[in-house]
Amino acid sequence: MTEQAESRTESAPRFAVRFSVIVPTYERPAHITACVAALRRIERPGGTIEIVIVNDGGSALPTGISDDSDGCEVRVVEQANAGPAAARNTGAMMARGECLAFTDDDCRPEPGWLGAFDAALRAQPDALAGGRTLNAIDSPYAETSQLLADFVTSYFDGGAGGRFFTSNNLAVSREQFLAAGSFDTSFPFAAGEDRELCDRWSAQGRPSVRVESAVVRHVHALSARRFVRQHFTYGRGGAAFRRVRTAADRPVRIEPGFYARSLAHAWRGSPGVRGAQYVALTMLAHASYAAGLLWESRRLRRHSGV
Amino acid sequence: MNPSSIPRFSSVRQSRAVARPTVSVVIPAHARIAKLQRCLEALANQTLPRDEFEVIVCDDGSPEPIAPALGRFADVLTLTVVRKARGGPAAARNEGARHASGALLAFTDDDCVPEEDWLEHLVANIGRNPGHLLGGSIVNLLPDDPYATATQLITSCVYDYYARHPESRRLYCTANLALPTSRFWLLNGFSEQYQRAAGEDYDFCARWTEAGFPNHYAPEATVGHAHGHTLTSFWKQHFGYGRALLRVRLGMARRRGRGVIALEAPSFYSDILAYPILHTAGSRVSRGKATMLVLLSQMATALGALREWIAPDEGWRGRARHGRRGRSKAPSAVS
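Each protein sequence line maps, in turn, to chains A and B. Our numbering numbers the first residue of the first sequence as 1 and each following residue consecutively. Our numbering numbers the first residue of the second sequence as 1 and each following residue consecutively.
By construction, these hints were calculated from the structure, which means they are not laboratory data. All residues carry an ideal CB built from backbone N, CA and C; glycine is no exception. Incorrect hints may have been included.
Now the stretches of chain B that chain A is said to cover, found in silico as 3 or more residues with beta-carbon under 8 Å [unchecked claim]:
1) 97-103
2) 112-125
3) 208-218
4) 230-243
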């Protein structure tokens with residue numbers, strides 16, 4: 001029912017490159033060096049890509065990291081420490097590409113990564129595109145976390161339940177990303193800014209697409225303690241998220257089938273002894289998440305007049 | 001290598017590959033073309049540079065499309081006019097916001113006249129208070145109109161009351177409201193179940209607070225409001241407020257999982273009645289008349305709430321009965 005009666009008076013956009021890859025980093029010199037090295041080797045849609053490294057208030061980055069190489073313009077942006085979501089927004093703001101691709105310093109994109117996103121965004125220029133992340137660490141904790149993330153991504157497949165992509169493997173037109181309001185940085189969604197962005201994106205009726213062939217290898221080492229902490233933190237973010245969704249009159253509801261299916265997914269990863277290990281760790285992840293959720297819900301209730 | 005430290009909000013202005021406004025002003029409009037033109041003239045005179053804001057007028061099913069009457073503003077404003085089927089101001093604001101490209105959304109109405117530093121103050125304020133809901137002040141442009149004066153007194157009283165109780169939620173009217181675009185959508189925009197010009201702002205402010213988001217009163221950002229009334233339209237407006245008020249309260253109770261509506265403290269109601277006595281000095285409307293009209297408006301509001309309680313509109317009441325487990329897709333702004 002909408003018609004555009006008058007065109008905007010903005011000047012036509014001019015883009016320096018097709019893709020800007022945004023990588024936030026904080027005090028991980030070895031990771032960022034390896035990540036940028038991997039990015040220099042990938043295929044470059046449009047001939048040249050821009051790599052925007054956002055140093056989130058950490059010490060100076062290794063020298064030579066920002067040297068331009070053939071077809072890669074590397075820029076380093078410094079900001080006062082404000083967290084990865086704010087760093088990604090800063091990168092998006094500074095980017096000169098028509099499209100943005102987000103990844104993390106502990107990720108190693110495969111050569112076809114941007115090519116796959118490019119094809120997807122040419123087919124659907126307004127879509128939020130999420131790639132496929134593979135765990136590249138031989139650790140049951142890292143593997144279980146990744147299996148669970150895969151499951152959640154496939155569960156929230158853009159249908160009635162909404163959409164979920166992780167922010168370490170995302171691509172979107174810069175214009176659409178900024179128009180949607182970027183990542184929300186001023187609210188304490190502990191580690192949940194990707195969940196928040198995807199939810200808002202679907203609530204606005206914007207399209208999203210899963211790109212299986214946009215592959216990133218994730219080399220995030222996890223110990224048992226960090227595994228529990230990670231899922232506890234996700235649970236805390238989930239509490240804030242639930243509160244907002246309830247206020248938006250769209251309360252979060254997870255069917256019991258979600259948990260059963262997540263365990264089945266972990267088992268299918270590699271049936272047998274390893275599979276059993278993944279199932280047990282997935283249960284531990286759910287328990288940690290639930291503990292974080294309850295802890296944060298209680299804290300929010302105490303600290304708000306509502 | 002070009003290191004630069006970036007302040008949070010103003011960075012929008014510093015480096016953009018594509019020209020983007022910082023603020024998107026959204027105005028729902030229905031038929032009142034002369035008033036709308038006055039509003040747009042005020043926006044064309046803003047102290048904020050023209051390329052830092054855009055104006056989106058959503059023509060809410062006016063009998064005649066209003067876009068042709070706004071042609072002259074194309075030279076002085078970044079103006080977009082969108083037209084939709086009649087659905088009330090809440091739906092029109094959502095539709096306008098869908099076309100916004102600014103990181104800050106500012107709402108006003110077609111019968112409003114923003115002061116020339118309105119947007120400048122809002123931008124400065126959101127820079128100091130990132131992520132906040134900003135409510136500016138509203139002044140009555142019809143001091144001779146007793147009805148407009150009485151309505152203004154009630155609005156001022158409610159603003160004052162909530163300002164004295166900062167721990168509670170706030171009410172900012174859509175005549176002068178600004179917030180980050182992202183959070184507007186995170187809360188699903190205005191609830192489109194409010195099809196008349198009442199209640200959608202109260203509902204939104206309540207949900208904002210429930211979501212845990214902060215708000216800030218920005219009285220320096222001022223909008224003039226010129227809404228004349230007859231006795232009948234005055235009664236109808238406040239009766240409508242009463243109906244909407246009950247809906248909002250039922251929604252709040254439902255989200256909390258309670259069946260009982262919480263009322264304001266008794267002082268809230270006594271304040272409203274005492275307000276005209278204390279604040280009409282120098283007004284062109286006599287104290288007695290203002291008091292009578294405020295009393296009348298409160299009767300209308302109470303009766304409106306009663307009417308809604310006895311015979312609610314279909315649709316939303318069904319949801320309320322289902323409680324928290326009701327259909328969740330109903331109010332979604334888009335789909």
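- Checking C-beta pairs, does the segment 208-218 of chain B have three or more residues closer than 8 Å to chain A? holds (count 6)
- Counting residues of the segment 112-125 of chain B that have a beta-carbon nearer than 8 Å to any beta-carbon of chain A, does the count reach 3? Violated - the segment 112-125 of chain B has 0 residues with a Cβ nearer than 8 Å to chain A, which falls short of three.
- Do three or more residues from the segment 97-103 of chain B put their C-beta atoms closer than 8 Å to C-beta atoms of chain A? holds (count 4)
- Message: Taking 8 Å as the Cβ threshold, is the statement that the segment 230-243 of chain B is covered by chain A upheld or broken by the three-residue rule?
- Response: violated (count 0)
Hint compliance for this structure: hints 2, 4 are not met, and every other hint is.
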